[in-house]
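Each protein sequence line maps, in turn, to chains A and B.
With our numbering, letter number 271 in the first sequence gets 323, and the count goes up by one each step, no holes.
With our numbering, letter number 223 in the second sequence gets 275, and the count goes up by one each step, no holes.
Simulated from the structure, these hints should not be mistaken for laboratory data.
Heads up, some of the hints might be wrong.
[Stated by the list, open to error] Derived DSSO-like pairs (lysine-lysine); straight-line CA-CA distance at most 27 Å:
#  : chain 1 : residue 1 : chain 2 : residue 2
1  : B       : 220       : A       : 309
2  : A       : 66        : B       : 216
3  : B       : 323       : A       : 69
4  : A       : 220       : B       : 173
5  : A       : 262       : A       : 173
6  : B       : 131       : A       : 69
7  : A       : 66        : B       : 69
8  : B       : 64        : A       : 98
9  : A       : 70        : B       : 64
10 : A       : 70        : B       : 69
11 : B       : 69        : A       : 220
12 : A       : 94        : B       : 147
13 : B       : 147       : A       : 66
14 : A       : 216       : B       : 64
15 : A       : 64        : B       : 147
16 : B       : 220       : A       : 147
17 : B       : 216       : A       : 220
18 : B       : 98        : A       : 220
19 : A       : 69        : B       : 98
20 : A       : 220       : B       : 64
21 : B       : 216       : A       : 247
22 : B       : 247       : A       : 69
23 : A       : 98        : B       : 147
24 : A       : 70        : B       : 98
25 : B       : 147       : A       : 69
26 : A       : 66        : B       : 220
27 : A       : 220       : B       : 66
28 : B       : 220       : A       : 70
29 : A       : 66        : B       : 98
30 : B       : 70        : A       : 220
31 : B       : 70        : A       : 69
32 : B       : 220       : A       : 98
33 : A       : 98        : B       : 98
34 : B       : 64        : A       : 66
35 : B       : 70        : A       : 70
36 : B       : 66        : A       : 216
37 : B       : 98        : A       : 216
38 : B       : 70        : A       : 64
39 : B       : 216       : A       : 147
There are 2 protein chains.
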Amino acid sequence: MLIHTIDEVREKVKEWKKQGFTVGLVPTMGALHNGHLSLIKKSVEKCDKTVVSVFVNPIQFCPGEDLEKYPRTLDADEKLCNDAGVDIIFAPSPKEMYGDGHILSNDFLTYVIPPFFYVNKLCGKSRVGHFDGVCTVVNKLFNIVQPDFAFFGEKDRQQLIILKKMVKDLNIPVRIIPCPIVREENGLALSSRNKYLSDEDKQHALALSKILFNIKACYNNGIKDVSELSETAYSYLNNHHSLEYLEFRDADDLEEKKTADDNTIVFIALKIGNVRLIDNIALR
Amino acid sequence: MLIHTIDEVREKVKEWKKQGFTVGLVPTMGALHNGHLSLIKKSVEKCDKTVVSVFVNPIQFCPGEDLEKYPRTLDADEKLCNDAGVDIIFAPSPKEMYGDGHILSNDFLTYVIPPFFYVNKLCGKSRVGHFDGVCTVVNKLFNIVQPDFAFFGEKDRQQLIILKKMVKDLNIPVRIIPCPIVREENGLALSSRNKYLSDEDKQHALALSKILFNIKACYNNGIKDVSELSETAYSYLNNHHSLEYLEFRDADDLEEKKTADDNTIVFIALKIGNVRLIDNIALR
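Could you put the whole structure together from the sequences, leaning on the hints where they help?
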């Protein structure tokens, strides 16, 4: 069932809760692919009722980012959700979520702000304010839907770690369920932004997963020194690639690692033309 | 019943909700007086179950403020609550609320940050970060207790307006119930900080309510010009008083008023020795 208003979602969820049903939420920006589908399937399997939110959240886009041209495919998203057994597709307008009075800034809007230590690195460095927007909208969605479980992909691992921290810090009564990255057969992690890639770019994009898989193989072969592991990346890079970061960080608090261990995540961000892609792998 | 842990409160409230009871929350910092009691009575009257939280929240005190010497009177608070029919007194330790790992800063803690336009004036001007701490702890308490209603005094009117804005902006499923200021017979608004006043200071403290009552009388007599109304204050001030602000602002969004109207609140902050007192009055 496609719902556009907050009141209608609340009413539905209230009925469910009265009947003792558990509720799962899968927050998305739409343009659903098999990565999202894996989250949705997990929710449908685990919870009595599943809500998928489809909302291109303006406040998590930074100046110069792709808010206007971000893919919007609600009809296809709705079909995918219905086929997967989703109970509600919640697709509010920006006005429904933020009103239409003031501009969307921290001058006039209450924000949920993740800790600086978690956002001053990796994607947060180039995407200033991005995680503030993510935490704020996820907090709103949690308050609107009041799910028991919420499903997030490990593809956006920094986001996942920040949201887990938010839930802990603010005592939010929602359990976050992390879901593994879904990859094409060739290794490319699924992302809505892959649509921006030409066929040739897609070949170059394989560098991300190749670099990560190779680092994991080296780690499994006994190499623990982070500089040494990092150096293995360069053989996969060419002049079509602009490497933004390749970093080794703790899976819980994002502290930097000098020596890799089983709680280390390797994070990579790479630009191919104008398209910025991210990927990561757990060494465990 | 006195409860110190988050898990126990949650368990109790869960039982209540299963039985269909409505829940009221009265968040306090303890040192309860008749002002708090009026909030508590309202909750007990309106809701099936009432939780009073007693927590001196470290993150809402600014550098140089009275965190250490803030009055703590849990035994008396407990008795007052029990006599008033409160179901749970929730008195967590700072460690229970914030853990004991990192320091309490936005480097390592997720904060709920009210809009700058609401905090860059009145008390927010001198108490930098105060309302960030208030919004964060109230958000936590809402998530822990999940009340249907929460009761706040109009004494802290800027706080009340900011919390209503937070609830709206973040779609928090709690209804905020404002409660009128309770005054001594002589007009002095009740406050935990009145304990710091000597008998002589208490006499000087009457200036706050006298100024506000007189302004309201003048307004009712047809004076609408804010400068003219402000000037009436000076006859009540002497060299024991240090006036921090006397301002006329909108009851909903705190916009400054040049001409008073029925939606205007008059705010005053006055220092007597080292004790900072606030008061306000609605012109409606």
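Which of the listed hints are broken here? Violated hints (numbers, rising): 1, 3, 4, 6, 12, 13, 15, 18, 21, 22, 23, 25, 32, 33, 37; every other hint is consistent with the structure.
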